[in-house]
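> These are the residues of each chain, in order.
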Amino acid sequence: MNITKETLELRVVAESIRLVTLQTLAHIGFGHVGGAMSIVETLAVLYGGELKCDPQNPDWDARDRLVMSKGHAGPALYATLSLRGFFPKEMLKELNQGGGRLPSHCDMNKTAGVDMTTGSLGQGISTAIGLALGMRLNKANNYAYLVLGDGECNEGQVWEGAIFAAHNKLGELITFVDWNKQQLDGYTKDIMDMGNVEEKFRAFGWHCQTVAGHEPEKIKAAIIEAKGVKDAPSVIILDTIKGYGCSFAQGVEANHHMNFTKEQMEEAIDIQVKRLEAAKTSAKEGKGE
Amino acid sequence: MFTVNESFDKTPKMMREIYCETLTELAQENRNIVVLDADLVSSSGMKPFFKQFPDRAINCGVAEANMIGIAAGLSAMGKIPFAHSFGCFASRRVCDQIMISAAYAQQNVRIIGTDPGVTAAYNGGTHMPFEDMGVLRSIPHITLIELTDTVMLADIIKQLEKLYGVYYLRMARKNVVSVYREGSTFEIGRGNVLKDGRDVSIIASGIMIGEALKAADMLRSEDISAKVVDMFTWKPIDAEIIEYCAATTGALVTAENHNVIGGLGSAVAEALVQTHPVPIEMIGVKDRFGQVGTEDFLREEYNLTAAAIVAAAKRAISRKK
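Sequence order for the protein chains is A and B.
First residue of the first sequence? That's 22 in the working numbering, and the numbers climb one at a time after it.
First residue of the second sequence? That's 5 in the working numbering, and the numbers climb one at a time after it.
Just chain A, same shape as in the assembly:
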């Protein structure tokens, strides 16, 4: 795949989201670090252009919708929405503050730009299907995007939804599975091995792709392909690393919800600032790594 200027810019967006996510978590000293880090590149591609939205008008009828079913990735979504202009960066300090607008799990009634309330795992696929059916009934030219965790796929409701979406040829639904291979209690292969998730979705009748989940250009290409599939729901399995890019989280088994020291986070932010600078330099010079 060619490294285009756009690709390089998407990498800058991703590294910006990762930095702001870390800064957001830094305010409170703990949080769902692992699953926030692994979904950053996908958010960069969606809010970097693939998902139709208007930050000045978050409730715009003609927007696409995102259901962050793995609702614990809220901090990454909040960082993304803030960078996209849905609300000021200052508001990110409200993460998990009593009375604040940024709860640990996504809440559509509290946060501008959040399209569905999530957090009870497995439920997002059904609400996303409802959104997609609503788009179909309204004859709207939109997509419902859904992000599932790989651990979340343990939930039976995911597969109820998978059957329904295929039966109803729900091309309006584009699903991502954040295949970061870890769940709260450890590695998915040890806790509840889902086997080949792509083959499972394929057996259910979905259009399936697996892509490198930390390479924005590959995610983008997969979304463009998925948009062209009108007679089946699409799933894009994101081959990711839980905690990716965060020095104290990546490679750690218990990185779902973490406490971290000020020093650990400062170090992680320092590294991330350098990654962002490097991405910006590449984008400016117009060349890849």
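To be clear, the hints were calculated from the coordinates, so they are not data collected in a lab.
Quantities reported herein were computed from a predicted structural model and do not represent experimental measurements.
Warning: the hint list may mix true and false statements.
[As the list claims (entries may be wrong)] Derived lysine-lysine pairs resembling PhoX-like cross-links, with alpha carbons at most 25 Å apart:
(1) A:Lys73 x A:Lys26
(2) A:Lys160 x B:Lys55
(3) B:Lys55 x A:Lys190
(4) A:Lys248 x A:Lys190
(5) A:Lys26 x A:Lys248
(6) A:Lys110 x A:Lys131
(7) A:Lys221 x A:Lys210
(8) B:Lys166 x A:Lys160
(9) A:Lys190 x B:Lys51
(10) B:Lys14 x B:Lys162
(11) A:Lys251 x A:Lys160
(12) A:Lys73 x A:Lys251
[Said to hold, decoys possible] Counterexamples of contact, computed for chain A against chain B with all Cβ distances above 12 Å:
(13) Thr28
(14) Gln44
(15) Gly50
(16) Gln118
(17) Asp211
(18) Arg223
(19) Phe281
(20) Glu306
For every residue, glycine included, the Cβ atom is placed at its ideal position computed from N, Cα and C.
Chain A is fixed; fit chain B onto it per the hints.
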């Protein structure tokens, strides 16, 4: 405003027929009405609706949790979803989906749970909801209604076209005792005094209203004057009418086709102790599971009869200070 029939025969039509007719009528005018079912379209009587509005009638298969979530998502797109199943599968099986996807997310969803309590008859213990209202009653802001007859059913469904929120309607599917005259209208959250009385108040719901009215007649023959209230809204409970009943009669009996734990008896008692405590006796299922049998057999088995209400009324009166 409502008016009560002079005699209490069975409704000429089944509840499910009126449900289908009313929704069909509304859906002709309102394109946002969407119906969801979970492989019980034949039972819910909604085949005509599915035929007339195939794009707005969604059979979710045997997957109730998914159905409730889809209803919530449709609501977020401005639709007005009505989702139905047997009461047990429309409540306890989908409690978390109703709680989070619908209620906590502040969506606009109507859920119809059919075959309440002993009306599930031959389907037996697995399908006999004595707990549906109790399971849902602790969900904030949900409205719980047990539909009394076809007149109320049609009026409430029409009201729900305009209202917003999560509503659970407990509904018998077949013919029920006809309590209200055609043209009656109902205020959600307000109990209806069907019969006035001085000595005891019977606060009833669903199929127990017919029994309560019979019990009031039986009590009158013994010179006991019983007030009968149709408490069709279980949540929010009408605390004002409970206080009024307590103040004017000094003793209460609740009567429900449901477990008294978490049910109407609990809801009335909770309101009563905070306003005007008086003796209260509860007729209802006493912490038991369902089983197979005819509805008549089951009414006797669980003590859901006019005779049981009469005995309870006398106990309540005897406990007055």
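> Each hint should be assessed against the structure and marked as holding or not.
Comparing the hints with the structure gives:
Between lysine 73 (chain A) and lysine 26 (chain A) the CA atoms are separated by roughly 21 Å; this keeps the pair inside 25 Å, and the hint holds. At roughly 21 Å between alpha-carbon atoms, lysine 160 (chain A) and lysine 55 (chain B) fall within 25 Å of each other, so this suggested pair holds. Taking the CA atoms of lysine 55 (chain B) and lysine 190 (chain A), the gap is about 20 Å. The hint holds against a cut of 25 Å. At roughly 13 Å between alpha-carbon atoms, lysine 248 (chain A) and lysine 190 (chain A) fall within 25 Å of each other, so this suggested pair holds.
Restraint check for lysine 26 (chain A) and lysine 248 (chain A): satisfied, since their Cα atoms lie roughly 23 Å apart, inside the 25 Å limit. Restraint check for lysine 110 (chain A) and lysine 131 (chain A): the C-alpha separation of about 16 Å stays at or below 25 Å, so the hint holds. Proximity of lysine 221 (chain A) to lysine 210 (chain A) is assessed by CA-CA distance (about 16 Å); at most 25 Å being required, the pair is judged to hold. The hinted pair formed by lysine 166 (chain B) and lysine 160 (chain A) meets the criterion: a straight-line CA distance of about 23 Å does not exceed 25 Å.
A distance of roughly 23 Å separates the Cα atoms of lysine 190 (chain A) and lysine 51 (chain B); the hinted pair therefore holds under the 25 Å criterion. Straight-line distance between C-alpha atoms of lysine 14 (chain B) and lysine 162 (chain B) comes to about 22 Å, which keeps the hinted pair within the 25 Å bound. Annotation: proposed proximity of lysine 251 (chain A) to lysine 160 (chain A) holds, straight-line Cα distance about 14 Å (limit 25 Å). For the hint linking lysine 73 (chain A) to lysine 251 (chain A), the alpha-carbon distance of about 18 Å falls within 25 Å, and the restraint holds.
Residue placement check: threonine 28 (chain A) keeps its beta carbon more than 12 Å from all beta carbons of chain B (closest about 33 Å). With 12 Å as the threshold on Cβ separation, the claim that glutamine 44 (chain A) sits away from chain B holds: the shortest Cβ distance comes to roughly 28 Å. Non-interface status of glycine 50 (chain A) relative to chain B is upheld: no Cβ of that chain comes within 12 Å, the nearest being about 27 Å off. Against chain B, the non-interface label of glutamine 118 (chain A) holds: every CB pair exceeds 12 Å, the least being about 19 Å.
With a closest Cβ-Cβ approach of about 26 Å to chain B, aspartate 211 (chain A) is found to remain outside the 12 Å limit, as its non-interface label requires. Listed as outside the interface, arginine 223 (chain A) is consistent with that label: its C-beta sits roughly 20 Å from the nearest C-beta of chain B, beyond the 12 Å cut-off. Non-interface call for phenylalanine 281 (chain A) relative to chain B: holds, since the shortest CB-CB distance, roughly 29 Å, exceeds 12 Å. Non-interface call for glutamate 306 (chain A) relative to chain B: holds, since the shortest CB-CB distance, roughly 44 Å, exceeds 12 Å.
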